[in-house]
Structures are given as C-alpha cells and as structure tokens.
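Asker: Here are the chains, one letter per residue:
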Amino acid sequence: MLEVRDIHRSFGGVKAVDGVSLDVDAGRIVGLIGTNGAGKTTLFNVISGYLGADAGSVRFEGAAILGEKPHRVARRGMVRTFQTPVGFPRMTVLENMLVFLREHDTTIAPALFRRSVAGSISQAEAARAEEILRAFGLAAKRDIWVQDLGAPELKMLEFARTVMSDPKMLLLDEPAAGVNLALLDSLVETIFRLRDSGVTFLIVDHNLGFICRICDFIYAMADGRVISQGGPDEVVNNPAVIECYIGSASGSR
Amino acid sequence: MESILLFVVGILSIGAIYSILCLALNLEAGIDGLWDLGIVSFFGIGAYTYVLLTAPAAENHQHYLLGLGLPIWVGLAAAGLMGGVAALLIGVPSLRLKREYFLITTLAFAEVIRQIYANELWLTNGVAGIYGLNPPFSESLPPNARQVVIFALLSVAVAVTYLIVRSLCVSPFGRALKALRENEALAMTAGINPFAHHIRAFALAGALSGVAGAFYVWYNTLIIPGQFVADVTFFVWTALIIGGIGNNTGALVGGILFVLLHDALRFLPLSNDMAEVVSSVRTALVGVILILVLRWRPEGLLCERPARVRVRQG
Numbered sequence: 001m002l003e004v005r006d007i008h009r010s011f012g013g014v015k016a017v018d019g020v021s022l023d024v025d026a027g028r029i030v031g032l033i034g035t036n037g038a039g040k041t042t043l044f045n046v047i048s049g050y051l052g053a054d055a056g057s058v059r060f061e062g063a064a065i066l067g068e069k070p071h072r073v074a075r076r077g078m079v080r081t082f083q084t085p086v087g088f089p090r091m092t093v094l095e096n097m098l099v100f101l102r103e104h105d106t107t108i109a110p111a112l113f114r115r116s117v118a119g120s121i122s123q124a125e126a127a128r129a130e131e132i133l134r135a136f137g138l139a140a141k142r143d144i145w146v147q148d149l150g151a152p153e154l155k156m157l158e159f160a161r162t163v164m165s166d167p168k169m170l171l172l173d174e175p176a177a178g179v180n181l182a183l184l185d186s187l188v189e190t191i192f193r194l195r196d197s198g199v200t201f202l203i204v205d206h207n208l209g210f211i212c213r214i215c216d217f218i219y220a221m222a223d224g225r226v227i228s229q230g231g232p233d234e235v236v237n238n239p240a241v242i243e244c245y246i247g248s249a250s251g252s253r
Numbered sequence: 001m002e003s004i005l006l007f008v009v010g011i012l013s014i015g016a017i018y019s020i021l022c023l024a025l026n027l028e029a030g031i032d033g034l035w036d037l038g039i040v041s042f043f044g045i046g047a048y049t050y051v052l053l054t055a056p057a058a059e060n061h062q063h064y065l066l067g068l069g070l071p072i073w074v075g076l077a078a079a080g081l082m083g084g085v086a087a088l089l090i091g092v093p094s095l096r097l098k099r100e101y102f103l104i105t106t107l108a109f110a111e112v113i114r115q116i117y118a119n120e121l122w123l124t125n126g127v128a129g130i131y132g133l134n135p136p137f138s139e140s141l142p143p144n145a146r147q148v149v150i151f152a153l154l155s156v157a158v159a160v161t162y163l164i165v166r167s168l169c170v171s172p173f174g175r176a177l178k179a180l181r182e183n184e185a186l187a188m189t190a191g192i193n194p195f196a197h198h199i200r201a202f203a204l205a206g207a208l209s210g211v212a213g214a215f216y217v218w219y220n221t222l223i224i225p226g227q228f229v230a231d232v233t234f235f236v237w238t239a240l241i242i243g244g245i246g247n248n249t250g251a252l253v254g255g256i257l258f259v260l261l262h263d264a265l266r267f268l269p270l271s272n273d274m275a276e277v278v279s280s281v282r283t284a285l286v287g288v289i290l291i292l293v294l295r296w297r298p299e300g301l302l303c304e305r306p307a308r309v310r311v312r313q314g
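Chains A and B, in that order, give the protein sequences. Residues in the first sequence are numbered from 1 upward in steps of one, following our numbering. Residues in the second sequence are numbered from 1 upward in steps of one, following our numbering.
Don't read these hints as lab results, they were simulated from the structure. Ideal Cβ positions, reconstructed from N, Cα and C, are used throughout, including at glycine. Among the hints, erroneous ones may be present.
To be verified - Under the rule of at most 30 Å between Cα atoms (straight-line distance), these lysine-lysine pairs were calculated in the DSS-like manner:
hint	chain 1	residue 1	chain 2	residue 2
1	A	K168	A	K141
2	A	K69	A	K168
3	A	K69	B	K98
4	B	K98	A	K15
5	A	K69	A	K15
Unchecked claim - Example chain A residues on the side facing chain B (calculated, C-beta under 7 Å, incomplete):
hint	residue
6	R80
7	T84
8	R90
Start from the sequences and build out the full structure, keeping to the hints where you can.
Answerer: Structure representation (structure tokens):
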C-alpha cells in the first residue's frame with residue numbers, strides 16, 4: 001500500500017534521513033522505532049507531504065505522492081497525527097469532528113446560496129459523529145471547546161477525528177507518548193479495531209513494549225538509516241538495535 | 001429637534017459603515033486567522049471605483065479617469081467587485097507569508113495604494129481629491145430626507161453583510177477557516193487547502209470593504225486620499241477588538257460603538273481652540289477604552305462562544 005524508496009533529506013549538513021526504504025502492506029500495523037534524532041519524524045513529514053525530500057520516491061496505492069501538498073495526500077486517504085494532539089482548541093468537540101467530514105463542500109457558493117443545507121448537518125452526519133464520540137467516551141463533551149478538555153480526552157479526540165475522516169491509512173506519530181497504562185489499553189484496542197475494519201497503520205513510537213505488542217513488522221532507525229527490520233522479536237533482539245537503545249554491549253562496563 | 005435627529009442619523013451612518021468593515025475584518029481575521037493591516041486598501045479602492053464610475057466627466061480644472069456618470073447601483077456593484085479583485089491580486093503574493101510578515105506586507109500595500117491616489121493626478125485628481133459628488137437621490141429628495149434614506153439603505157447593507165458573514169461562518173467553509181486559524185498543520189490532514197481558503201476569505205473581506213467604501217462616498221460627497229490612511233485600518237481593528245473578535249454580533253456592535261466614542265464629540269459646537277483640544281481628546285478616549293477592554297474583557301464585549309451546530313430535519 002505504501003512504498004518508500006531511498007529517501008534522502010538533509011538539514012544543512014545534517015543528514016536527517018539518509019536513504020530509507022520501507023513497505024507497508026494493506027491491513028498491516030507497521031512500527032518505526034529509533035532513538036531521538038534517528039530521523040523518524042522527518043521521514044514521517046516527508047511521507048505526509050509536510051517536508052520535501054532531496055531524493056527518493058513515495059508511492060501510495062501505486063501513485064507517486066512525493067512533492068504533493070499535505071492536504072492532497074490527506075485527500076488520498078492517508079491521514080497523519082502529530083506528537084501533541086491539541087486539536088482545534090477554540091472549536092467545539094463536535095466541530096473538531098465535522099472538519100474531518102470528507103463529503104462536506106467547503107467552498108463559498110453553497111454557504112451563500114444553499115444556506116439551509118450548508119448551515120446545518122444531516123441527521124446521518126450527526127448520528128455518525130455522535131456514535132464515534134460515544135465510542136471514545138466524549139459524547140458528553142460534544143458542545144464544549146476543545147481547549148477545555150484534559151490530556152487523555154485530547155488523545156481520544158485525536159482518534160475520534162481520524163476515524164471520522166474514514167482513512168485508508170493512518171500515520172501515528174508517538175501515539176503512546178504521555179499516555180497512562182489504562183489509556184494505553186484502550187488505545188491498543190482502538191488500533192486493532194480500526195485495523196480489523198481495514199485501516200493500515202504506520203506507527204512511530206519510543207515505547208518498545210507498546211510497539212512490540214501491536215505491530216506485525218518493525219523498522220528500526222538510527223542516524224537516518226534503517227538498521228534493522230523484521231518481526232518484533234527479531235528487531236528487539238538485534239544487537240545493533242540494543243546498542244542504540246541501551247548503549248554498546250562491549251563499550252560500557 | 002430636527003438637527004439632533006440628523007446628528008444621530010449622521011453618526012449612525014458612519015457607525016454602519018464601520019460595522020460593515022468590522023464584519024469584513026471579522027471574517028478574515030476573527031474567523032480565519034489573517035492579520036490584515038491593510039483593510040483600508042479595499043475600502044479606498046471601492047470608494048474610488050464608485051466615484052470614477054458614477055461621477056460626471058471631469059471638468060477643466062480637474063483631472064480624473066472615466067467619469068462615466070453610471071447609475072449608483074452599478075457603481076456599488078463595481079466597488080465590491082474591484083475590492084475583491086484587488087484583494088485577490090494582493091493576496092496571491094502576500095498570503096504566502098505568515099502572521100507578522102503578512103501583517104507588514106498588507107500594511108505596506110495599503111500605503112502604496114494611498115500614494116497612488118495622492119500622486120496619480122490623471123487617475124484621481126491627486127491630493128486635491130474630487131469634490132461636489134452628488135449623493136444619490138439628490139434630485140428627488142430634499143437634503144434632510146436624503147440623509148435618512150441613505151441611513152436606511154446603510155442599515156439594509158449592514159443586515160445583508162451580517163447575513164452573508166454569518167452564513168459563511170456556520171457553513172463548512174467557515175469551519176474550515178476556523179480550523180486553519182486554530183491549527184493549520186492539523187487542518188491540512190482534513191484535506192483543507194490553506195491557500196485556497198485564505199484567498200477566498202481575503203477576497204470576500206475585500207469585496208465587502210469595497211462596498212463600504214462606496215457608501216462612505218455617499219456620506220461624504222467628496223473623496224480625498226487623506227480619507228484612506230492607515231488610521232482607518234487601526235480604527236476598524238480597535239472597533240472589532242472592543243466589540244469582540246470572532247463574534248459577528250460583536251463586530252456589528254463594535255463598529256457602531258467605536259463611532260459613538262470617536263465621533264460623538266465631533267458635532268459639539270466649539271470654538272476653534274477648543275475643537276483642537278477636543279479632537280485630540282477623542283483619540284485618547286478611544287485609546288483608554290481599548291486599554292480598559294483589553295484589561296478587563298480581553299476577548300471583547302461580546303466574546304466568541306462555542307458554536308452550536310444545527311441538525312436539519314429529514
């Protein structure tokens with residue numbers, strides 16, 4: 001579904017991503033691990049269109065998407081998240097959901113000339129938003145501003161929004177960061193449920209336990225390169241990965 | 001009694017013009033997050049467009065382009081159109097910039113445009129301006145009745161502007177603008193094209209300001225470059241901040257309130273010396289009120305509130 005080939009991206013003299021290739025097959029949950037500065041987020045930004053690349057190619061469902069603007073990539077059904085899930089603070093929870101309704105025409109003409117339709121949502125749309133919000137425990141907060149939500153609710157709302165956008169593929173940037181254990185369980189459950197409904201995942205995270213628990217396949221990055229790839233056990237036990245995470249086995253006492 | 005009535009009508013007419021400008025600014029800066037410090041550009045372009053199309057041909061002692069003597073309604077529509085087109089032309093290069101850079105660029109464009117009014121004699125008769133413009137209905141109505149009719153038309157214009165801006169706000173277009181204002185990076189993941197939405201909001205605000213410019217000519221019956229200095233932009237921003245940025249009713253109220261504060265003293269019968277003092281005082285008065293509002297009601301008198309989304313039946 002997603003093919004990344006030989007991506008290079010430098011900032012000044014620093015090679016943040018230095019020839020990375022990876023594949024994500026439809027219906028899989030693929031993890032991307034690595035220490036701070038390994039180039040994970042840069043790679044994410046390149047794939048989702050937020051950053052250009054110096055060389056390489058990215059294909060999504062067979063189409064070359066490198067160089068496309070982020071909103072175009074999103075329109076293809078590849079939706080990303082950000083490390084801090086602030087949402088749209090001064091919009092209500094329901095509005096946050098409605099922004100992600102793909103079918104809505106955001107041009108001016110209907111707003112002016114079909115006011116009764118453009119100024120409201122259909123019962124089906126309301127029911128859909130309601131159902132998703134209920135699934136994420138946010139139904140009661142529907143009409144309050146997102147800036148008044150707590151951190152766990154923001155996290156849940158982030159998932160609720162992405163579900164609303166009906167994605168084919170989700171790129172999650174550190175979904176487990178700052179998440180307590182109870183919330184982590186419901187997060188895992190949500191990811192599995194979405195996978196079962198046909199969503200493909202590429203997930204960046206530091207939390208090895210979390211990644212190993214949910215991913216079918218893992219890529220490990222260090223210094224802008226892929227240093228190991230394979231099933232969770234294989235990657236976690238790879239000496240190069242251990243060296244990156246814990247320090248050199250021979251170098252330290 | 002009648003003079004008091006006319007005084008009130010005069011103040012409210014200017015207030016209505018400011019309300020239209022505040023609503024336009026609220027669309028681009030309150031709903032969308034564009035820090036436009038050049039709203040006077042489109043106000044001025046609308047005003048000059050109206051004059052050049054509706055005024056009679058220039059006489060010997062004056063120079064200005066066109067002077068076609070077209071009907072006022074044509075002038076009004078053209079003022080809106082040109083305001084929008086000018087905003088498009090200015091928006092295409094400057095909307096690539098963010099926040100403070102955009103702000104400075106729009107401020108600079110406004111000054112460039114004012115220099116054009118002031119220096120291009122063949123186009124606008126320069127700093128001397130164009131005088132003796134017949135207000136609408138000047139043949140059919142006596143002056144006093146005419147002022148009331150103009151005020152009535154302005155009230156309708158405010159109502160229509162309010163309706164337009166409000167309809168946009170509650171539509172998916174308005175939600176997209178708010179999403180861009182709040183978090184542009186995240187809005188893009190919803191498939192929202194930032195430039196396409198910003199330029200539309202900017203052009204619409206320009207068109208509405210252009211129409212306000214044409215009304216301003218009705219009120220003044222003359223046009224000079226000095227009417228379109230950066231002060232107007234700052235006045236409109238002040239009015240919107242006092243009224244409540246992000247709230248359309250706040251914008252409407254803010255415009256009228258600002259003019260009441262700023263211009264109410266203008267009509268006092270004063271000696272020349274006193275008039276000079278009072279005219280400084282009124283600007284200071286507005287400044288003090290702005291500081292008080294920012295101190296105790298930083299979101300304005302009518303602040304932005306969580307939106308209620310309507311669900312349609314059937």
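Asker: If a hint holds in the structure, say so; if it does not, say that too.
Answerer: Do the hints match the structure? See the list:
| no. | hint | verdict |
| --- | --- | --- |
| 1 | K168(A) to K141(A) | holds, 27 Å |
| 2 | K69(A) to K168(A) | holds, 18 Å |
| 3 | K69(A) to K98(B) | holds, 17 Å |
| 4 | K98(B) to K15(A) | holds, 28 Å |
| 5 | K69(A) to K15(A) | holds, 23 Å |
| 6 | R80 | holds, 6 Å |
| 7 | T84 | violated, 10 Å |
| 8 | R90 | holds, 6 Å |
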